[in-house]
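Undergrad: The primary structure of each chain is shown beneath.
There are 2 protein chains.
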Amino acid sequence: MPVPRVHIDVMLKDEILDPQGQAIEAALPQLGYDGIGDVRVGKHIELSVPDDVDVATTVDGLADRLLANPVIERFSWRIADDERR
Amino acid sequence: MPVPRVHIDVMLKDEILDPQGQAIEAALPQLGYDGIGDVRVGKHIELSVPDDVDVATTVDGLADRLLANPVIERFSWRIADDERR
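Just so you know, the protein sequences line up as chains S and F, in that order.
The numbering of the first sequence is the UniProt record's numbering, which starts it at 1 and goes up by one.
The numbering of the second sequence is the UniProt record's numbering, which starts it at 1 and goes up by one.
Do not rely on the hints blindly, as some may be mistaken.
No copy is singled out in the list; a pair is fine if it fits within one copy or between any two copies.
What the hints assert, rightly or not - Straight-line Cα separation of at most 20 Å, SDA-like style, residue types lysine to any residue; simulated pairs:
| hint | residue 1 | residue 2 |
| --- | --- | --- |
| 1 | Lys13 | Val55 |
| 2 | Lys13 | Ala80 |
| 3 | Lys13 | Phe75 |
| 4 | Lys13 | Asp52 |
| 5 | Lys43 | Val53 |
| 6 | Lys43 | Gly32 |
| 7 | Lys43 | Asp54 |
| 8 | Lys13 | Tyr33 |
| 9 | Lys13 | Asp60 |
Please keep in mind that the hints were generated in silico from the structure rather than gathered at the bench.
For clarity, every value in this text was computed on a predicted model and none was experimentally measured.
Please build the complete structure, drawing on both the sequences and the hints.
TA: Next up, the structure:
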């Protein structure tokens, strides 16, 4: 049985200024990439969850308590189809 | 026509040690989350690409040249179904 591999994205809330995203957005035209907008940068966390737990409850709980700062960040997650050892 | 919203994940290559991931993995049992393993942390970048460009060529190019360090990082990307302004 492959172990569920969870991909979690933690992003700044939309109303929070994102200087990293702005820096990337400003650099892109100099590299020849025009018209690319609304660049936002966050964290991507991958982890393997035992297959005998409730994945949704577990991931929502640990993301809320450890991975994301609920004041300024939002998170989303999905189960990837790639298997890990 | 909704503007394609691209989600890019930049992760350390598997053979590269990930201290951030290890720190999270070590903290989880103290919060009551046992059995969660192989925690890896990377960057998640979201951006909007004009719909008149070849998304694959554009994203592969800018990820390779600006977002990821090809020596130690790998990247993957997907087009999300959420629309942006």
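Undergrad: For each hint, tell me whether it holds in the structure or not.
TA: For each hint, the structure was consulted:
Taking the shortest Cα distances, Lys13 and Val55 never come within 20 Å of each other, neither inside one copy (24 Å) nor across copies (25 Å). Taking identical chains as interchangeable, the C-alpha atoms of Lys13 and Ala80 lie at most 20 Å apart only when they sit on different chains, with a minimum of 17 Å there against 24 Å within one chain. Proximity of Lys13 to Phe75 under the C-alpha cut-off of 20 Å is restricted to the intra-copy arrangement: shortest distance 9 Å within a copy versus 23 Å between copies. In this assembly of identical chains, the alpha carbons of Lys13 and Asp52 never lie at most 20 Å apart, being 32 Å within a copy and 28 Å across copies at closest.
Proximity of Lys43 to Val53 under the C-alpha cut-off of 20 Å is found in neither arrangement, the shortest distances being 24 Å within a copy and 27 Å between copies. In the homo-oligomer, the alpha carbons of Lys43 and Gly32 never lie at most 20 Å apart, since the shortest distance is 26 Å inside one protomer and 23 Å across protomers. In this assembly of identical chains, the alpha carbons of Lys43 and Asp54 never lie at most 20 Å apart, being 23 Å within a copy and 26 Å across copies at closest. Taking identical chains as interchangeable, the C-alpha atoms of Lys13 and Tyr33 are never at most 20 Å apart, the minima being 26 Å within one chain and 26 Å between chains.
Taking identical chains as interchangeable, the C-alpha atoms of Lys13 and Asp60 lie at most 20 Å apart only when both belong to the same chain, with a minimum of 17 Å there against 26 Å between chains.
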